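Chains as they are written, first to last, in the working numbering: chain G, 1 to 338; chain Y, 1 to 338; chain H, 1 to 415; chain D, 1 to 415.
Don't take every hint at face value.
Once the Cα atoms are required to be at most 27 Å apart in a straight line, the calculated DSSO-like pairs of lysine-lysine come out as [what the hints assert, rightly or not]:
(1) Y:K46 with D:K207
(2) Y:K47 with D:K207
(3) G:K20 with H:K361
FYI, nobody ran anything at the bench for these hints, they're computed from the structure.
Every value quoted in this text rests on a predicted model; they were computed, and no experiment measured them.
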Amino acid sequence: MPAMNMIQALNSAMDVMLTKDPDVLVFGEDVGYFGGVFRVTEGLQKKHGLTRCFDAPIAEGGIVAAAIGMGAYGLRPVIEIQFADYIYPGYDQLVSEAARLRYRSAGDFTAPITLRTPYGGGIFGGQTHSQSPEAIFTHVAGLKTVIPSNPYDAKGLLISAIEDDDPVIFFEPKRLYNGPFDGWHEKPVEPWSKYDLSDVPDGHYSVPLGKAAIARAGDELTVLAYGTMVHVAIAAAAHAEVDAEVIDLRSLVPLDIETITESVNRTGRCVVVHEATRTSGFGAELVALVQEHCFYRLEAPIERVTGWDTPYPHAFEWEYFPGPKRVAAAMRRAMGRN
Amino acid sequence: MPAMNMIQALNSAMDVMLTKDPDVLVFGEDVGYFGGVFRVTEGLQKKHGLTRCFDAPIAEGGIVAAAIGMGAYGLRPVIEIQFADYIYPGYDQLVSEAARLRYRSAGDFTAPITLRTPYGGGIFGGQTHSQSPEAIFTHVAGLKTVIPSNPYDAKGLLISAIEDDDPVIFFEPKRLYNGPFDGWHEKPVEPWSKYDLSDVPDGHYSVPLGKAAIARAGDELTVLAYGTMVHVAIAAAAHAEVDAEVIDLRSLVPLDIETITESVNRTGRCVVVHEATRTSGFGAELVALVQEHCFYRLEAPIERVTGWDTPYPHAFEWEYFPGPKRVAAAMRRAMGRN
Amino acid sequence: MELTPDMRNEPTLSLRVPVPRARPGDPVDFSHIKPPPAGAAPRPDIREEPGAMRDLAFTLVRVLNEEHEAVGPWDPKLDPAVLRRGLEIMTLTRAYDDRMMRMQRQGKTSFYMKCTGEEAVATAAALAVDAGDMCFPTYRQQAFLIARGYPLVQMMNQIYSNADDPCKGRQLPVMYTSKKDGWFTISGNLGTQFPQAVGWAMASAYKGDHRIAVGYIGEGSTAEGDFHAALTFASVYRAPVILNVVNNQWAISSFQGFAAGESATFAARGIGYGVAALRVDGNDFLAVYAATKWAAERARANLGPTLIEMFTYRAAAHSTSDDPSRYRPAEEPQHWPLGDPIERLKQHLIASGEWSDAKQKTLEKEAVEAVRAAAKESEAVGTLGQSRPSAKTMFEDVYKEPDWRLRRQRQEVGV
Amino acid sequence: MELTPDMRNEPTLSLRVPVPRARPGDPVDFSHIKPPPAGAAPRPDIREEPGAMRDLAFTLVRVLNEEHEAVGPWDPKLDPAVLRRGLEIMTLTRAYDDRMMRMQRQGKTSFYMKCTGEEAVATAAALAVDAGDMCFPTYRQQAFLIARGYPLVQMMNQIYSNADDPCKGRQLPVMYTSKKDGWFTISGNLGTQFPQAVGWAMASAYKGDHRIAVGYIGEGSTAEGDFHAALTFASVYRAPVILNVVNNQWAISSFQGFAAGESATFAARGIGYGVAALRVDGNDFLAVYAATKWAAERARANLGPTLIEMFTYRAAAHSTSDDPSRYRPAEEPQHWPLGDPIERLKQHLIASGEWSDAKQKTLEKEAVEAVRAAAKESEAVGTLGQSRPSAKTMFEDVYKEPDWRLRRQRQEVGV
Ligand SMILES: Cc1ncc(C[n+]2csc(CCOP(=O)(O)OP(=O)(O)O)c2C)c(N)n1
Ligand SMILES: Cc1ncc(C[n+]2csc(CCOP(=O)(O)OP(=O)(O)O)c2C)c(N)n1
Ligand SMILES: [Mg+2]
Ligand SMILES: [Mg+2]
């Protein structure tokens, strides 16, 4: 099996789906001839043709709206929003339309669209190239929200998203595109090819939505994480010397509540991590669910390690990013070992 | 003191501020000559003139953007979004601009705008006239989010919001405009004039942002609520026969964590209620905070009573609305009395 | 020395806020509306470049003259049977509107919206396009759905959110859906469906289909960003779509000046995108038909989108929640210079010997009867609150399959 | 029997996706750009109705002819001192761009964006408006800020996010702010500032001020809903604002066809809103100056907004993250038919006996020197990562006063 980085894996997922299903098409700003600013769609236009992978006007709302219309017709559009920070002009179409089409029409119309967008910080992108807006989609009934943490899942989940009959917001951790990143930002980056999860089959396969993965098995404490933070959590466990079970949620909606509950009921301790601002982040929902489901097993308060309640500042990227030190400190607090 | 319903109290707040500060102006769809579809701005144009209270194009994004430009100039615009359900086209301007102007310019520019909008269900408005999107604003660093529950607070909080130098999203519980509503929807509605909190002074006064109120004192359990749900919680306490302390948060950001913590540490039990969809609603943040601050005093899982994870369906309004029965059931569960 | 602005002898700036010509109590003033004579506007070949027909955005395509004759190059030369069918649909729509409005007043439903005075806009368009074409309506094109033969009783079931409501009680009244009839599910959010129509049309083109999309937006809602997205995408991808702006002069209480309608026509918006644009007398059934047909031919010939401003007047209240006498002279509707679409088509048919006042009376009676019969059937199922779909359906269709949250929430409701 | 579409003898639909005339490897093709002769466009009185000057949206206002003379009604007849000042600013801007680009390549900062080839667009406008007017720039109008006399060293401090950065290390490089210099804080989000400029102008009008706003947007970004909001609000409230579309042909890798630039000009967008619209040779300093001056006079006389398409070319990469040779012929910039703005202004000054090649050489040397001196000063404070504001500032300015969350979070960081 070829070693793929996350960019290649995502590209392969679209390539496979474009080949398999004539109703799949891909569009977005700069995704056509150029292949996208992160090169995730590179070569797709050349291989599949001008009308199957093409550029779009700089109008995120229009891109989503056009995709909804196409979905209503019967296509499966895959759209790219260049940075998650630029998704807001499309928010109305996603919330008021894509999410509700099936419900309001009692199944008469649906919007089987996949919206891909790179999210997260750690690339010195400043406040408009670093955001993690996943929470505001998880609040919306009718949308699914998916975030992979490695090439294998990226491809398998993206294929599932494209094949899914509901609208899926697919966040790509851009800090992981070229290699895993554990938050020790001064260490050199290792390419994905050194990791097992870069063994990505060339052809079609899928990873189901709604099924979490155990990224690191452990017994002392449960970490709930997704995307970039999965790797940070693993690094933090080593740093904290805590035998943490790191759950890679993979999809936030639908959420694999069983895996979460089983783990926390076993460990009795839980740390939730994400890069997004803390207040009303998806971590709040996770904390709420864990305390609802595991209250009587909890031995310590559930900790949240998150971005601060500020924008993502350019020069203070590493103070903002919830790196392994902060996660480790939370783990130790949760263990009563501080 | 005159008895005012909430509409009159809000109108009076704007009247007072238009009179007091020439930099205050009011605009939005249908708010000028007509006085707004809920008549909250009635008479303001006539009294203060065409350029101080006027209609706007049907462009929520444009309304917010214009207000930001005005704020940058030095005005204090008060804008109305006709229904909270229609706020999403303005979301980008609120999140990417209003919320960040001060931060990104290091205080060089600010956006002292107040955005008023009616929210919530219970008026047979169907899914596009019933939403409660407060959570998606509380997630955004730089925005304040305020929700009054009675005429006195409505006026005092709105004056505070207009005088505040940061952008404030001011949600008006439309089900409470004409009288309190405790969720027993088959009971006749009583007008505000029968209630003390309709004693609203004519002139200028303010209720500070960030200070919760004890809507009902109690010792057995703490309910965290805001807007319409304050009244439902009080009714539910009676129905459940639980001596609940009902905290009316009044502002979600800034949040009065002290009042919350003090109460829950005392009662050891907590129920959080809101009308918005459950997942990633502001209730999740409240649960997270309470378990972070009061973990060792909690005697039962914190309960959430919320709207379902569906749109707000026209014919199933009362199944959707988290009425006193559902809140009471949660109280009794929290008390171990079910 | 440079003069600073306040040293110059300049007036100060002042903020201009649009004001309509007449408010309650003022005399009606339509003196600014000067409809050109019927037949005057040229009809370009569909292959003409949009840039060569910009003038059509500033005039008014009209076919019916003062003598009720069809004149000029836009006369679609329709078979009288089609005209009678149009009259029938419009008459039925008006009867339907009247009854549903009364039903709301009687508390049988929560809300209703009439299209009185605008019936031709949707009716003629529906007859001018093909059955497979998809309509992306606003809440004011019920005549289009009626023209497609959708059963009145189903419409009423939706209005009543009753047990047979095709929307399963989820939508506010008037938000119909019917994919098989080429009718897109109506959104309560203004404007959103306009660029969706373009996306649908792009999909049809992508698939090498023949079907086109027909989108609608109110003139007030053209201010939304979605309007601009629709025009941009339609132009860039030359989508086979007809984009209709229904300029009925009012957006609830705001006159069209608040959508920049004082400064230019809405059809003129097309010019900046290189989109062919027509401005049409929306109360002239024949003009609406001809313009729609022309636009449909262009679209089907891969010549791209057409923007049509349907110039008309909202004769009734915005909705049952509205009272227009608070913001416009009560007599304004009667003075609308372009008349009533039903009356005008009727007169044309009479003038051409195809109709009579007596026949119209009969038609009206039949329409009222048809509505009454449908109402009886629908009300037997139930009006709002009397019957409704099973409560468990409330948790369905959020996703194709409910996840654990929805299953659990449904259990909590006990259904 | 009615013919269904596929029974008709019609071609099937097909989706049209725009394609630029030349890709890497292809010969450069600017044959579609046919600039009219300088001096040909009429210059209407500022009081003229926008509807009477629609043609100006389809031509190109040009002043400098092939012989480097200023000709025609738009000749602003500028004092040579102003022209030399313009040349100075443009030359300085280019030197600044070159150095900062190199600094990024050397790892001294994370990101940079040049405006090479577009210097006249911002420079001439800055000189044509008043000091109190507020500029709402994109990231490509640095020449405007330089023209306002803002210190280069401050700009560099921002680029380096160093201890003296006026944005306190919070913003991506090039996102300057300076209220006192009439320069609005730049947003990373495209388009958002365009309707804000209108709001600012409305506020100025509301207060009976004299100041106007000058907004900028790239041609690619005109597709955003914000562009439409700006035009709508400017038209409705007749705001004293100049709305500039900088059409530099490219939006990263997408040519202007993806913003509907193949079907009409960007200036033509103004027509649909009844907004006065000019299309201007953006590489002609005199034309940009004259058009801006005209628009400013209109605005200050309460005559409302003007939309100006600045027709130019992005000669450099989009940003330091971009490589244009991947999507356009590498030689395209050299073939741009409207030349280089600095070269053209220089030749004009030489032709009018006000300048020489030798003087230009000196000016260039001085510019490089000025930039070097500023860089020395700024780099002494620190390049990216070498110095920065105190980390506690990270929690300031989220609100006027931090709430308990921010105080607690700051404590957690230990600053
Ligand atoms: C996004 C959004 N904003 C506001 C509203 C509230 N609203 C409903 S109808 C209406 C007026 C629409 O006027 P117009 O577009 O002219 O259509 P008409 O009613 O005249 O057919 C408004 C403001 C809404 N439904 N959606
Ligand atoms: C809302 C938003 N969408 C996308 C982007 C990413 N982006 C940055 S610059 C750019 C191209 C802009 O092109 P144009 O408007 O023509 O301006 P130019 O760069 O040519 O000056 C894009 C797509 C963004 N910054 N903001
Ligand atoms: Mg209207
Ligand atoms: Mg550009």
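To see whether the hints hold, each was checked on the structure:
1. Y:K46 with D:K207: 19 Å, holds
2. Y:K47 with D:K207: Answer holds: K47 of chain Y to K207 of chain D is near 18 Å, not above 27 Å.
3. G:K20 with H:K361: Given that 27 Å is the threshold and the Cα spacing comes to 60 Å, the pair is violated.
In this structure, only the earlier hint numbered 3 is contradicted, and the remaining ones agree with it.
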